[in-house]
Amino acid sequence: MTMDPTRFNREAKPTWCPGCGNFGIQNALKKALNALELEPHQVLLSTGIGCSGKISHWINAYGFHGLHGRSLPVAIGMKLASHALTVIAEGGDGDGYSEGMGHFIHACRRNVDITYLVHNNGVFGLTTGQVSPTGDQGFVSSTTPHGALERPFHPLALAIGAGTTYVARGFSGDSERLAGLIADAVRHPGFAVVDILQVCVSFNPDKSYKWYQERVFDLDAEGHDPADRAAALAATEPREDGRLPTGLFYRAEAPTLEAGLPQLAGAPLVDHDIAAVDVAPLMEGLI
Amino acid sequence: MSMNQLNMMVGGAAGLGVKTAGEILARLCTRAGRHVFGNVEYPSVIRGDHNSYQIVAGEAFQHGHRRELDLLLALDDLAATLHKDEIRPGGVLVHDSEKGQADLSGLAERGVMLAGLPFPSIVKEAGGDKRLLNAAGLGAVLGLLGLDREALAAACQDAFARFGEAVLAANLAAARLAWERTSGEMAAAFDRRLAPVAAPPRMLVTGNEALAIGALKAGLKFYAGYPMTPASSIMTYLARRERDYGIVVKHAEDEISAIGMAVGAGVAGVRAMTGTSGGGFCLMCEFLGLAGMTETPLVVVESQRPGPATGLPTRTEQGDLTFVLAASQGDFPRIVIAPGDPAECFRWGFEAFNLAERYQTPVILLLDKHLSESTWTYAPFATDGLAVDRGVRAAAAAPAAGADLFPRHAVTESGVSPALRPGTPGATWTTTGDAHDDLGRISEEEGDRVRQMDKILGKTRGLDAGTYGWTLHGPPEAALTIVGWGSTTQPILGALADLGDAPVNFLQVRGMNPFPAEAVAAILARSPRAVLVENNATAQLGDLIAERASIRINDTILKYSGRQFLVDELAAAIGERL
Ligand SMILES: Cc1ncc(C[n+]2csc(CCOP(=O)(O)OP(=O)(O)O)c2C)c(N)n1
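These protein sequences, in sequence, are chains A and B.
Residue numbering for the first sequence follows the working numbering, beginning at 1 and increasing consecutively.
Residue numbering for the second sequence follows the working numbering, beginning at 288 and increasing consecutively.
Residues from chain B shown here face chain A by an in silico Cβ test under 7 Å; the list is partial:
{"no.": "1", "residue": "V492"}
{"no.": "2", "residue": "I500"}
{"no.": "3", "residue": "F509"}
{"no.": "4", "residue": "V535"}
{"no.": "5", "residue": "E540"}
{"no.": "6", "residue": "M548"}
{"no.": "7", "residue": "D691"}
{"no.": "8", "residue": "P712"}
Which stretches of chain A does chain B cover? Using the computed rule of at least three CB atoms under 8 Å from a CB of chain B, they are:
{"no.": "9", "segment": "31 to 42"}
{"no.": "10", "segment": "50 to 61"}
{"no.": "11", "segment": "255 to 269"}
Just so you know, these hints were derived from the structure itself, not from any lab.
Keep in mind the model is a prediction, meaning the values are calculated, not measured.
From the three backbone atoms N, C-alpha and C, an ideal C-beta is built for every residue, glycine too.
Please work from the sequences and hints to get the whole structure.
Written out as structure tokens, the structure reads:
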């Protein structure tokens with residue numbers, strides 16, 4: 001078999017807008033899975049609801065397109081049940097940082113060996129452009145006609161604070177570099193977050209490809225040490241020059257949740273034989 | 288009443304060890320060859336207020352609790368005040384005669400024996416404090432019941448050895464000091480005994496324990512939950528055994544996550560369950576529908592407590608039937624079963640997983656606090672004949688003809704699409720909570736929508752609740768038919784036993800959805816008179832019967848104080864109608 005990202009193609013064509021940042025993310029994901037030498041059947045995607053969440057329909061892998069904000073609990077259940085699979089959760093910033101925020105923080109501290117890709121475009125795309133928790137203060141949208149009053153938050157600062165062991169940011173306009181980050185995140189043993197700056201040509205056109213290209217740079221170029229937690233947090237602070245750091249912010253070694261579960265040391269739960277479980281000792285115990 | 292029939296209560300503030308003392312007594316009775324029913328009542332506080340543990344023991348199966356007490360062990364004044372009038376003439380009140388302030392006037396005149404013990408001095412002499420009070424009380428009770436010194440030591444050993452030598456010695460000393468005061472004259476004046484009678488070994492088991500064991504027998508591999516009385520003890524029971532049984536039990540961040548994890552585990556191909564009470568179930572609704580839409584097998588336990596909102600967090604009610612039957616938006620098949628006692632909890636705790644995989648849809652087991660936390664005695668449940676059925680699996684992993692996808696939602700004659708576990712080489716599939724076509728692709732085509740709706744709604748058609756969804760207890764024809772469901776089953780059976788040969792039978796409904804409409808209609812049609820017995824305010828089963836079987840039962844016996852029916856209370860209410 002030839003190792004080629006097209007192994008992860010589906011025949012169906014995405015319904016995203018022409019020029020949507022999701023295409024770059026889709027390409028990066030296929031390249032990453034290919035670089036990891038995975039087969040399509042070894043990958044299980046759990047996606048949320050939004051334009052972004054539909055990606056599971058357009059990647060050749062097992063795919064579960066679930067509820068708005070809930071891709072993480074589903075992905076965690078999948079991984080604990082079938083830990084030999086590569087499990088990836090994916091969705092938008094509205095999905096993950098608004099509706100699913102609670103799950104996000106707990107996934108960060110739980111450190112299950114899954115990867116979480118967030119398509120961060122600052123808006124709710126599928127519901128036609130309302131401001132998201134990462135949208136700028138003052139952003140005018142249909143629900144904030146007089147400008148958004150809340151301040152945006154930096155998801156990676158929160159991820160680092162909550163104990164995430166792999167924290168990175170990519171850009172949908174640089175799918176080569178993004179593919180590398182995704183592959184690295186999947187390889188990382190533990191919960192890996194890749195926040196992806198994504199262009200939304202329809203509802204956040206001011207932040208165009210050009211706008212991002214003028215601002216994004218790789219932290220690597222500054223000699224950032226991803227083992228340095230304080231430096232990683234500092235890198236999430238807004239810069240006076242408005243530049244946007246991408247790349248690997250933080251990486252730590254820590255036992256995965258699975259490592260604390262001896263019942264997962266052997267075969268995945270899904271391979272256990274359940275035909276003749278002996279519950280007699282449990283009933284004995286009640287006598 | 289034989290001297291072996293016993294109705295005892297331990298009462299006292301939360302924190303005094305009421306439940307521990309009650310459980311020890313219940314176990315002693317079980318080991319002495321008695322059938323036992325144990326009812327625990329407690330408020331939602333950790334210290335103070337009032338807890339009680341009631342134990343009904345006898346040689347026949349014990350259906351429930353009744354008002355007339357043979358013995359009350361009051362660990363504080365409030366317990367004596369609240370329950371003293373429930374003690375029958377000839378019964379005993381064990382109370383604190385040293386510092387106790389409860390007004391006990393009139394009891395002696397009614398023929399109640401006052402077993403006053405200087406509890407503060409006893410625990411002091413035993414070298415401890417209030418923490419020894421329940422052991423001292425236990426010693427007093429065992430003295431009254433005629434247990435000898437060795438039996439007392441064995442009981443204490445059994446109860447306290449696991450806390451270490453020192454704790455055991457202190458508790459035994461306190462129990463012995465109290466025992467010495469009651470085992471002589473007082474015991475001689477009391478007409479109840481706990482002498483062993485020959486009986487096969489029996490379990491003392493709650494509905495939650497029975498359900499958890501049934502689920503493990505079925506091959507449960509993943510449970511996620513969020514603590515909420517009265518469902519919590521399913522999770523704690525399973526968690527303690529997760530390594531022995533090779534399962535994962537996850538305390539999630541909330542109920543949405545709990546059911547989400549269970550759905551994910553189900554998608555990945557293991558048998559998965561979540562459990563909660565009504566409030567948590569409110570949060571689970573969207574995922575319930577997702578499981579229906581994506582045809583994901585899932586078992587959900589909803590153990591009811593009185594609502595709305597936080598309601599009575601530690602009490603019992605059957606108020607969520609209508610809600611559970613309609614929870615989540617849109618139409619999808621759900622199987623809802625309401626077991627009536629621990630034996631049925633075991634059976635359906637097992638069977639729910641076969642149904643969930645056979646029909647690829649959520650199965651809800653509807654319990655309540657009374658069933659979840661009360662104890663009954665049973666011989667170990669028979670496990671032969673319990674066969675795991677994982678439903679229709681794909682023979683080969685291959686894409687549908689002309690497509691690049693395995694047809695996850697293929698339309699078949701039965702409506703059930705062959706399952707293919709993620710990770711299987713040869714194909715991949717996709718599915719979605721959006722409306723979709725047979726290949727699991729989002730589709731807004733009218734034809735796909737109708738075709739898939741017809742498919743999922745049709746697939747449980749073969750499940751005939753007429754075969755499992757009801758039981759008619761008593762004579763096939765009777766002047767009066769009691770109609771009830773779930774945890775009122777045993778109190779009703781107890782009341783019928785009290786009523787002896789009265790012309791009454793009892794229709795227990797178990798299959799809430801699908802509903803055994805024909806059987807129920809036929810039974811009600813031939814019954815001259817029917818009365819609904821429900822532990823809720825609005826007779827929700829009555830509404831269901833009216834809707835599905837087109838028969839409205841107007842006579843009701845309802846209780847919605849947050850407490851279960853007492854057997855004698857129910858017998859009286861039924862007796863009035865005869
Ligand atoms: C429980 C629930 N609330 C609201 C919605 C409506 N909804 C669908 S997508 C979406 C937001 C999408 O924004 P985002 O997650 O950022 O994804 P994008 O479309 O931008 O990729 C919302 C609010 C829903 N589907 N479910």
